[in-house]
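Enquirer: Go by the hints and put chain P onto chain Y.
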Amino acid sequence: MKKAYNYILRNKAGLNRNAKFLFLLPGLLGITIFIFVPFGDVVIRSFHTSLTGEFVGLNNYKNLFQNTAFRLAVHNTIRFIMVCLPLLLLISLLLAVMINGAPKWEKYKDMYLLPMAIPAATIVLVWKMLFEKQGFLNKTMETHIDFMGTEYAFWILVGSYLWKNIGFTLVLWLAGLKNISREILEAAKVDGATGIQSFFCVTLPNLKGSMYTIVVISLLNSFKSFREVFLVSGAYPQEDIYLLQHIFNNWFTNLDFDKMSVGSVLSALFIGSLCMLLQKLWNGEVE
Amino acid sequence: MKRRIQRFFLFVIMIFLITGCGLESVEQKETALGRYVEETVELPVQNVTCISLVQKDSFIRLVDFNGQDLVSTDGGKSFDKIENLSDEYENDITPVLLSMAENADGDRILTTFLELNSYTHMVFTKNEQSIMLDKFSTMDFLSLFVSRDGSFIALQDKNVYWIDSTTGECQFLFESQGYPYYAASDEKMLYVADESGIWIYDLESSELKQQDTLLNDLTIKEAGDFLLYPYGEEVYILTREGLYLYELYSESKTRLIDGSLCSIGDITKNYVGMAVIETGNNAEFLIYYSDGSLLRYVYDSTLSSEPESVLRVYGVYEDGNVRQLINAFQKEHPEISVKYEIGIDSDNGMTLDDALKNLSTEIAAGSGPDILLMDYLPYESYMGKGALMELEEIRNAIDESEYFINVVDGVRTESGLYTIPLTFTIPVIGGDASILGIDTLSELADLLESERKEKPEGSLFSFVDAKGALKLLSQSSMGVWVQEDGTLDRKMVEDFLIQVKRIYDAQMAGFPNEEPQLQYTSWNWGTGENLFVRYFDSYGVRDAAEDAILEFPGQPFYAGYLSNSKDDFPYFMGQLKYLEEDYTLMPGQNYGTVLVSTLLSICNTSGNKEEATLFVEYAFSEEFQSAAFLNGIPINRSAHSNREICPHDTRMVYSMLIYPLQEGVDEIIEIYWPTDLDFYLLNAKIENISGVNYCDTRVYEAVIKYGEAALQGEISIEEAMNTIEKSVQLYLAE
Numbered sequence: 000m001k002k003a004y005n006y007i008l009r010n011k012a013g014l015n016r017n018a019k020f021l022f023l024l025p026g027l028l029g030i031t032i033f034i035f036v037p038f039g040d041v042v043i044r045s046f047h048t049s050l051t052g053e054f055v056g057l058n059n060y061k062n063l064f065q066n067t068a069f070r071l072a073v074h075n076t077i078r079f080i081m082v083c084l085p086l087l088l089l090i091s092l093l094l095a096v097m098i099n100g101a102p103k104w105e106k107y108k109d110m111y112l113l114p115m116a117i118p119a120a121t122i123v124l125v126w127k128m129l130f131e132k133q134g135f136l137n138k139t140m141e142t143h144i145d146f147m148g149t150e151y152a153f154w155i156l157v158g159s160y161l162w163k164n165i166g167f168t169l170v171l172w173l174a175g176l177k178n179i180s181r182e183i184l185e186a187a188k189v190d191g192a193t194g195i196q197s198f199f200c201v202t203l204p205n206l207k208g209s210m211y212t213i214v215v216i217s218l219l220n221s222f223k224s225f226r227e228v229f230l231v232s233g234a235y236p237q238e239d240i241y242l243l244q245h246i247f248n249n250w251f252t253n254l255d256f257d258k259m260s261v262g263s264v265l266s267a268l269f270i271g272s273l274c275m276l277l278q279k280l281w282n283g284e285v286e
Numbered sequence: 000m001k002r003r004i005q006r007f008f009l010f011v012i013m014i015f016l017i018t019g020c021g022l023e024s025v026e027q028k029e030t031a032l033g034r035y036v037e038e039t040v041e042l043p044v045q046n047v048t049c050i051s052l053v054q055k056d057s058f059i060r061l062v063d064f065n066g067q068d069l070v071s072t073d074g075g076k077s078f079d080k081i082e083n084l085s086d087e088y089e090n091d092i093t094p095v096l097l098s099m100a101e102n103a104d105g106d107r108i109l110t111t112f113l114e115l116n117s118y119t120h121m122v123f124t125k126n127e128q129s130i131m132l133d134k135f136s137t138m139d140f141l142s143l144f145v146s147r148d149g150s151f152i153a154l155q156d157k158n159v160y161w162i163d164s165t166t167g168e169c170q171f172l173f174e175s176q177g178y179p180y181y182a183a184s185d186e187k188m189l190y191v192a193d194e195s196g197i198w199i200y201d202l203e204s205s206e207l208k209q210q211d212t213l214l215n216d217l218t219i220k221e222a223g224d225f226l227l228y229p230y231g232e233e234v235y236i237l238t239r240e241g242l243y244l245y246e247l248y249s250e251s252k253t254r255l256i257d258g259s260l261c262s263i264g265d266i267t268k269n270y271v272g273m274a275v276i277e278t279g280n281n282a283e284f285l286i287y288y289s290d291g292s293l294l295r296y297v298y299d300s301t302l303s304s305e306p307e308s309v310l311r312v313y314g315v316y317e318d319g320n321v322r323q324l325i326n327a328f329q330k331e332h333p334e335i336s337v338k339y340e341i342g343i344d345s346d347n348g349m350t351l352d353d354a355l356k357n358l359s360t361e362i363a364a365g366s367g368p369d370i371l372l373m374d375y376l377p378y379e380s381y382m383g384k385g386a387l388m389e390l391e392e393i394r395n396a397i398d399e400s401e402y403f404i405n406v407v408d409g410v411r412t413e414s415g416l417y418t419i420p421l422t423f424t425i426p427v428i429g430g431d432a433s434i435l436g437i438d439t440l441s442e443l444a445d446l447l448e449s450e451r452k453e454k455p456e457g458s459l460f461s462f463v464d465a466k467g468a469l470k471l472l473s474q475s476s477m478g479v480w481v482q483e484d485g486t487l488d489r490k491m492v493e494d495f496l497i498q499v500k501r502i503y504d505a506q507m508a509g510f511p512n513e514e515p516q517l518q519y520t521s522w523n524w525g526t527g528e529n530l531f532v533r534y535f536d537s538y539g540v541r542d543a544a545e546d547a548i549l550e551f552p553g554q555p556f557y558a559g560y561l562s563n564s565k566d567d568f569p570y571f572m573g574q575l576k577y578l579e580e581d582y583t584l585m586p587g588q589n590y591g592t593v594l595v596s597t598l599l600s601i602c603n604t605s606g607n608k609e610e611a612t613l614f615v616e617y618a619f620s621e622e623f624q625s626a627a628f629l630n631g632i633p634i635n636r637s638a639h640s641n642r643e644i645c646p647h648d649t650r651m652v653y654s655m656l657i658y659p660l661q662e663g664v665d666e667i668i669e670i671y672w673p674t675d676l677d678f679y680l681l682n683a684k685i686e687n688i689s690g691v692n693y694c695d696t697r698v699y700e701a702v703i704k705y706g707e708a709a710l711q712g713e714i715s716i717e718e719a720m721n722t723i724e725k726s727v728q729l730y731l732a733e
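So the protein sequences, as listed, match chains Y and P.
Taken in order, the first sequence gives residues 0 to 286; the numbers are from numbering that gives the first Met the number 0.
Taken in order, the second sequence gives residues 0 to 733; the numbers are from numbering that gives the first Met the number 0.
This is chain Y alone, in the form it adopts within the complex (with noise of 0.2 angstroms):
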């Protein structure tokens, strides 16, 4: 036993040095499996046809670019996305910041998380009896609207992520607030600044770290709003919430894979270069 602990003494340095590696490989092979090699395979099926395999070169992402269907769905996508992140996040910190200076809302954290806990099945009956041309709204306001078939869909579908994601969100701020020292916000307010002065000024470059976590969660959280819609209304939903994931679902329904090959590759780069650019824009490279 003595033996063996002085061994380990001796090749301490080695042993920490390779640790690590031994520690990450289980998730590194998970990912390279799972991610890597099959994202490999979708670019390579990108430059070639869906199932006979003939190498096309760019004509198929020449043809994806003058698809107008595509087109509409990442402008869809895109729009929703600009709509949904911004105020998620300012409505998640306000309510973050106030339950932060109020202890008693606390304790009721784990209930602001119940949203994510709802299976998309049950929100998509709610949606119907709300919704619906027979629904409950329109049997209060005693009209006769399709509100699913019309351009209110798509402020119902910023309702429901805003509604599901708030109280996730919420939690993660208020780790993030957690994490700021009281000290600085005791000197802050001895040095003179108002409330919000200090949030600005010291709360808000503190949540920094916080923030480039919640605006990445929030940007992929953004593309699950596709289940709600696609179980409310189907694989051809009124266009205005017409999304990526419905242009994706019908191409592989129809074996359109080099479509859906091409649309992968692109989104990929999409989220990635995204993801890379707030990445560097946290770290302060770029001014």
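Warning: the hint list may mix true and false statements.
[Unchecked claim] Straight-line distance between alpha carbons at most 27 angstroms, and here's what the computed DSSO-like set of lysine-lysine pairs gives:
#1 Y:127 <-> P:384
#2 Y:61 <-> P:356
#3 Y:132 <-> P:384
#4 P:384 <-> Y:19
#5 P:466 <-> Y:223
#6 P:704 <-> Y:138
#7 P:725 <-> Y:223
#8 Y:61 <-> P:466
#9 Y:106 <-> Y:127
#10 P:356 <-> Y:132
#11 P:384 <-> Y:61
#12 P:704 <-> Y:207
#13 P:466 <-> Y:127
No wet-lab data here; the hints were simulated from the structure.
Expert: Only chain P this time, still in chain Y's reference frame:
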């Protein structure tokens, strides 16, 4: 060095993990030998269907209702015809014979109806002795079965009785929980099936035994479509999945014959009776089917236990035509096993999108099916992506005079022929002479509007609501709604809606308020649902004519599809002759076209293209299409012509339709076999077919959905058109 070795191994493991493969076993799996094969037993009498098959050791009897039994003394290898009815028997039975059973010795038991609440139940022994069963005299109908020891089992209400075949001695056995409908027994054990399960009765100890879970599950799952053959403590179970040997109260049953490889799995043939012949090693089986065929199952030890290759056929929904095709093909090619995979059935609760996604995954992974049934699949997309094999070679190999080549070529696109329909139907309209010469919807609308002026009350045409009108008239129009470049033809769809609205308004202006009991609500294809029922959700012209006679007497016009010349056509012609009217092709935007069904394609990624080609070729052969009871008119011309041959020497009464037209008085319509002229005129219509009426499902559904709202006046036709265009433009743009 050690570290390098560790790294090397780590690298090798990673590579194996990434590529997802281990060392493939070079050991060849030894193929087990031995399998049951199906043989037809030649019977001395043709076109006679017996009511039961009974057995006593190697003596087998096929019981004929009229006493002309067929018997075999050599274990079912050959049969002789015998007459075994006594004069007394023939004198005693009244024309109203309700139920009858006969054992292998020739003893009979029967139930006859005398008058209300009065029945006679008698045993006629083989020695020409008749015994009246007084015990049952006030009881009504008895379900009768034969035990293998020769005694009879009678089921009456919930009671089960045993009856001695020679003395008529009767013994009450037990009362079941539900209403029993089937019994099977040997000298030791009796099995009685009711809706709750199977009751097991020990005849030796005269006591009910504990129920068996597996047998109970069987009755629920098979819903009466099974046979049992008691065999001591074991029982042979015959279901659509195959023939099994099961030891009572055990956990599993042994499959002896795979039902999908022979007639056992053929849903068009009901089981009548079964016999087991002991041969030493492997027993032989005789199964008698409702179509009059007696098939023998013999073990062949030289065949491999599993067929050499497996062909996978995929359809989104169950199709009766395909089910028959697979059974016939398997019998013809026992070396090929055919697996029928159904995307959506009552068990899996899948949606069409789910089913299509699963199929796409399989195709993308290179493990797709070999044969695709294109009826619900996105044909254009699959063809465009190269998922389907070109069938030009099969098309060129066939003799054009042998097929309705105008229909085959109707599904050809600019890029070639990738699917061939197995059957088709013709949308037709019946009525007085005013319908002749009408081929457009606007002319039909004019006709109905003028008819409405003359007849302000009552039904004019074969639909009762907006959706019905759209679905009915789309049968001869929908093929022109999408242009060649893949875009929606707004003008054609708009014109369709305008004309159908005129027709709908004319019909509804004087339509009776009470809800009618129309034929289509209870229409059942019998051999499985297919495209016409699911896709069009409307009914055939035979039912449309029946509604015009029965439900809406005086309705001047009726329309629907003519699906099967063997059955529909004689009835429809009989109805037309009764009404003294005529029929012609249904007017529409795509006038002169037919609806195709059971569209077979070969998947381009199939690893069994040779077998798949063989399957498709067999599907279109006269041999199969003549023998099968297909939904629709067979694409094989000879098979269609064979249906024109009258089954009788003279064109006698084919059937009768009894309609309660007046209170207490039934109208009887005698249906005669159609004349040569009738067939000639039908064939002339088929020969003039210019193509097929096919429309993408999503476009079709959008037109029906929003068209319905327009017809009902909820939205204008302009609004409906905008919505249709909007809803399909994404789909078409993708």
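Enquirer: Next, verify each hint and record whether it holds.
Expert: Structure-based check of all given hints:
1. Y:127 <-> P:384: violated (36 angstroms)
2. Y:61 <-> P:356: holds (26 angstroms)
3. Y:132 <-> P:384: violated (39 angstroms)
4. P:384 <-> Y:19: At roughly 47 angstroms apart (the allowed maximum being 27 angstroms), residue 19 of chain Y and residue 384 of chain P break the hint.
5. P:466 <-> Y:223: Outside the cut-off at roughly 36 angstroms; violated.
6. P:704 <-> Y:138: holds (23 angstroms)
7. P:725 <-> Y:223: holds (25 angstroms)
8. Y:61 <-> P:466: violated (42 angstroms)
9. Y:106 <-> Y:127: The given pair, whose Cα atoms are some 33 angstroms apart, is violated under the 27 angstroms limit.
10. P:356 <-> Y:132: violated (30 angstroms)
11. P:384 <-> Y:61: holds (17 angstroms)
12. P:704 <-> Y:207: violated (52 angstroms)
13. P:466 <-> Y:127: holds (24 angstroms)
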